[in-house]
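Just so you know, the protein sequences line up as chains R and G, in that order.
End of the first sequence sits at 392 in the numbering used here; the numbers just go up one at a time, nothing left out.
End of the second sequence sits at 836 in the numbering used here; the numbers just go up one at a time, nothing left out.
These aren't lab readings, by the way, just hints derived from the structure by calculation.
Built from N, CA and C at the ideal position, the CB exists for glycine as well.
Errors might be hidden in some of the hints.
[Said to hold, decoys possible] No farther apart than 25 Å at their CA atoms in a straight line, the calculated lysine to aspartate or glutamate pairs in the DMTMM-like style are these: (1) R:K171 - G:E769; (2) G:K609 - G:E450; (3) R:K379 - G:E428; (4) G:K799 - R:D350; (5) R:K312 - R:D251; (6) G:K559 - G:E450; (7) G:K768 - R:E186; (8) G:K663 - R:E215; (9) R:K171 - G:E608; (10) R:K313 - R:E345; (11) R:K347 - G:D572; (12) G:K425 - G:E461.
[Said to hold, decoys possible] Cβ-Cβ distance ranges computed for the label pairs, FRET-style: (13) R:I314 - G:E656: 44 to 54 Å; (14) G:P511 - R:E369: 39 to 49 Å; (15) G:T549 - R:W178: 30 to 40 Å; (16) G:K668 - R:R168: 41 to 51 Å; (17) R:E369 - G:M829: 26 to 36 Å; (18) R:K35 - G:K436: 21 to 31 Å; (19) R:Y193 - G:E753: 40 to 50 Å; (20) G:P511 - R:N389: 45 to 55 Å.
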Amino acid sequence: MLEIIAETLRATIAVALILAGSLAILIWVRNNTRKLSALRLFIQIAAVAVIFLGLIIGPFGLERWSYLGTAPKDITIGKEILGRPYPDGLTVPTFSCYYASGRTATCVIWQLQSYLFPNYGTSSIYLTTGLERLAIAVGLLVVISVIFGRFLCGWICPFGLYMDLLTRLRKALKIRHWTLSDRVNEGLRQARYLIIAAFLILSFLLGMRAIAGVELISESELGRYLEIPFCQICPAKPLFVLVEGALGFMDVDYMLSQTIGDFALTGWYLTSINIVILGVVTVGSFMIRRLWCRICPLGGLIALFSRFGPFKKISLIKLTKVEEKCTKCGICKRVCPPQVTEVYEDKGGDVTVSSCILCFRCVEMCPYEGCLNVEFAGKPIYKSKNWLNEEE
Amino acid sequence: MASEIEKGTKYIPEMAQTEIDDLNKSIKTASLKVIEDNIERMKKAWKNRPQAMEYFDEISNLFGKRQEEIKQQKTAGKKVVGYSCIFAPIEMILAADAIPVRVGSGWYDTAKLGDRIMPVEICPVIRSTVGAKMVSLSPFLELSDAIVMPLTCDGRTKLSEILADYKPIWHMNPPRVKDDPHTLGMWKQEIMVIKEKIEKLTGNKITRKNLKEAIEKMQQATKAFRRLQDLRKGNPVINGRDAMLVNQTSLWDDVERWTQKVNELCDELEKRVEQKEHSTYPDTPRVMLTGTPMIWPDSWKVPNLIEESNPQGLVVVDEQCSGDRILYDPVGVDEWTMSDMLDAISERYLMACTCPCFTSEHGNEDRINWIIDRIKEYKVDGVIYYVVRGCILYAMEYQRIKRVLDKMNIPVYYLDTEYTREDVGQMKTRVEAFLEMLEARMDI
Ligand code: SF4
Ligand code: SF4
Ligand code: SF4
Ligand code: SF4
Ligand code: SF4
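The shape of chain R in the complex, shown without the other chains (with noise of 0.2 Å):
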């Protein structure tokens, strides 16, 4: 009991220290309108740095793992939630891979799948039942979705990063980003839940491994594979491996030699399609801002808890409009990365949409005080600007 109440406090004080943390970074920028994406940056950097801290303070004295060569061990948070054993730590909705080395959290697509089937993990390390282990990754994201919302998205995912580098560096060289259609993007945004309703029945039925005596598929390395489906098929799998081998942090060589020789399933770490699928993205978001996060699953179960139904009206972050002070410039439509329509064509109110990744960008371009606004639990906390004046 004792135990009990003590984990919550921890967990109180983390979720707390967490919302501090951000509400005195956004309080910050609230006077520096122009500099915000700067800032987003540099908070996108630094969330990569806590997601892979192990991969920092590795060097100096962590653990190894030895079947990686030289990659340090993870320094998971939250091994342990509500007295019971949660070895794969917390769960969080943003790329936070769960092949990388270093990491401190989890990634829910990762834990979804595997814990979908109850009897996952035999082995005596997960000691909380199957369904237990479900109930605290999909409540974790839930409730981090209801705070954060895509804010995640916005600020926090290293593969968002990777794209906004990409976009950065198309900048640098003065090419035009091209646009999707509406209609098209329209479809990637209805094709997300597509992926997740097949990731999800797909994890479950394979992992039943057989249904009523017929075999599915059978005890075998394949079987590893496809249990786990979607993570075949993310593009920032081999994004994070392939950065860490090439640091020295993961042994690329263990990496391949866990194959069963399949083309398309070159190792555990790495497959093929994996690797297609992150050049198509690659190349793709060099010349489509964000091009991934329009069709991202990830994204799409987040915007499922923040923009949907009831938790749309418990959502705690929101962009809001003033009806009288647009002009309909059309600004926030244009400098929108994933092309939001919204909050342009939307009237006055909550303009916050699932498509949304909430990286505020409309809101630091639009030149209309307080025309476009921020609202954190319904406090105003950033707002459009004049940025006219900001600009000396």
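Following the hints, position chain G with the ligands against chain R.
Same frame as chain R, but now just chain G with the ligands:
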């Protein structure tokens, strides 16, 4: 074989040169008097008028310093691109190192002249411009090497034909529904055509570099303009007419110099805010003007009336393409590539514009929103909806705007007039009654 059309069928019949010269001289003399009179009245109404205003008084002389300056620059090889309305992309004219000037005409006397060939039902802004052309009165029109003519209303559409007998006219076709996705594309093509024409006329390429500079120049102007506007939000430190003049001179002045002078004016006015040195009584009813453009100098009869009547009114803000709308919106560039800048310019001139030539699924609601916002921001007590006879678009939108304002409990007065000085006496009575009512409401 020359067709019938080609055989000398200009709109304006030939006039004897002596007649032209005589008329030109007499109207010009009369106009100079009006200008002088306006300035005298503005000075009288604002004791302690700041020094910085003198610059604008000087520039306001349409036949004075600025005209000479442009002439000189023309001899030095610069081109002058006139434009009839604020749809013309000024940044591109500046980028090609040409001089942009607005050529709309506000002379009452030339409107009478225009009556010779235009029926009286036609908007006097058009008749006046035609009349000015008949006697070569408008310095900026005469100096223009080409004129950008956005076809916003029927009057301007036909005006472009009339002027085409004398000058190269570059038409622009603003779409009437501005927020359909495809209309922006159409408008961007219009902008691209103008870009090519400017480049051809001036022989200067519009490059990434010079376009960026031009955009930044205009942003600075907008910044200065907003600074002045902010000063009008509080207790009066500048009279409405004076601010209106400052804003309107940006249409023919050199942008950079204008920006600098406005900033100087604002420096002075900001001090006055601190010292509570007001240009008139702080409890003067605050009036907003909307409707047909009021073009210097003759149309100053309306703000003169408002600010000289008894009780007095103060024009704190307007929703006119001859005033606060000129510089209100900045071009907002995202990536500073050529195509992004062109997109930004296209959007700025089309989408942010609240001209009554637009409509949409919800009507021209952008204009209504603009008016509502300004009423709140500038604490407006009453709106004067100014329409000249023949300006159909503004006249027709009145009813809807009145309904909105009624709901907000903001009195609005429909002031219809003509390009004539004869109705001043009768207008005075009407305006005074309106201002009295505003004052009575304030007392409660
Ligand atoms: S592969 Fe992708 S979905 Fe799977 S854990 Fe890594 S980042 Fe998450
Ligand atoms: S949409 Fe996906 S890839 Fe994009 S920022 Fe969000 S989680 Fe990351
Ligand atoms: S940038 Fe601001 S004013 Fe312009 S359309 Fe968007 S919300 Fe409206
Ligand atoms: S709508 Fe605004 S906050 Fe949302 S993604 Fe677009 S620019 Fe960012
Ligand atoms: S005042 Fe009205 S009718 Fe006249 S030119 Fe302007 S819009 Fe057209």
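*Looking back at the hints listed earlier, which ones does the structure fail to meet?*
The structure conflicts with hints 1, 3, 5, 6, 7, 8, 18 and 19, although it agrees with all the remaining ones.
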